[in-house]
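**Q** These protein sequence lines are chains A and B, in that order. Taking the working numbering, I'd label the letters of the first sequence as residues 534 to 645. Taking the working numbering, I'd label the letters of the second sequence as residues 83 to 194.
Derived from the structure by calculation, the hints contain no laboratory data. You can trust all of the hints, since none of them are fake.
Okay, derived cross-link-like pairs now, BS3-like style, lysine-lysine, Cα gap no bigger than 27 Å in a straight line:
#, chain 1, residue 1, chain 2, residue 2
1, B, 137, B, 152
2, B, 137, A, 536
3, A, 536, B, 139
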Amino acid sequence: DAKTTQPNSMESNEEEPVHLPCNHSTISGTDYIHWYRQLPSQGPEYVIHGLTSNVNNRMASLAIAEDRKSSTLILHRATLRDAAVYYCILSGKGQGAQKLVFGQGTRLTINP
Amino acid sequence: DVKVTQSSRYLVKRTGEKVFLECVQDMDHENMFWYRQDPGLGLRLIYFSYDVKMKEKGDIPEGYSVSREKKERFSLILESASTNQTSMYLCASSLWAGSEAFFGQGTRLTVV
Chain A
534 DAKTTQPNSM
544 ESNEEEPVHL
554 PCNHSTISGT
564 DYIHWYRQLP
574 SQGPEYVIHG
584 LTSNVNNRMA
594 SLAIAEDRKS
604 STLILHRATL
614 RDAAVYYCIL
624 SGKGQGAQKL
634 VFGQGTRLTI
644 NP
Chain B
83 DVKVTQSSRY
93 LVKRTGEKVF
103 LECVQDMDHE
113 NMFWYRQDPG
123 LGLRLIYFSY
133 DVKMKEKGDI
143 PEGYSVSREK
153 KERFSLILES
163 ASTNQTSMYL
173 CASSLWAGSE
183 AFFGQGTRLT
193 VV
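Next comes chain A alone, as it looks inside the complex (with noise of 0.2 Å):
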């Protein structure tokens, strides 16, 4: 399975841009890129994915690198709602591929 790398935590000011980086460097042609987020006492919900290009939604931004190796993504303006553990996740396209493999994740703290 391909691996994600992400740091352990980030900390960053409300109202400020939060990038999170990821490393995919064993990622496959097909793999899509996903980015979930964990509030606490919570299930993981959905943030931002994409294949090549880069991914602009309500939510986030999510910049992929041209070679794939990594990514990033961006909370433009960060609140103290966005407080969370980010996973950035390698999903498969092929039967068997589907799966969804979560790492460590990274823990944002946004201070007031």
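Let chain A serve as the given structure and place chain B on it in line with the hints.
**A** Coordinates of chain B only, in the frame set by chain A:
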């Protein structure tokens, strides 16, 4: 509103009991997953299923089995519960490998 529903939020069982954790999704999703989450170990994949009656082992299948007789329902079975299976159990579903996954709220199982 899309939903993944787990039958119980909290469950207490005795060592040696057979335990069923039920998960139902209403989105006609192909893929369903069972994870357990423990402090310091993150989310670990137990089993997943990509079709009715199809199942694949995840990273920690020992001591567990699963059943998927209908598309919307994925059951996790602890044949003989042990104290080291005390954990938070999370169910998820997704339409296909590249799509977002939706998680239930989790079942906190305590085996005494």
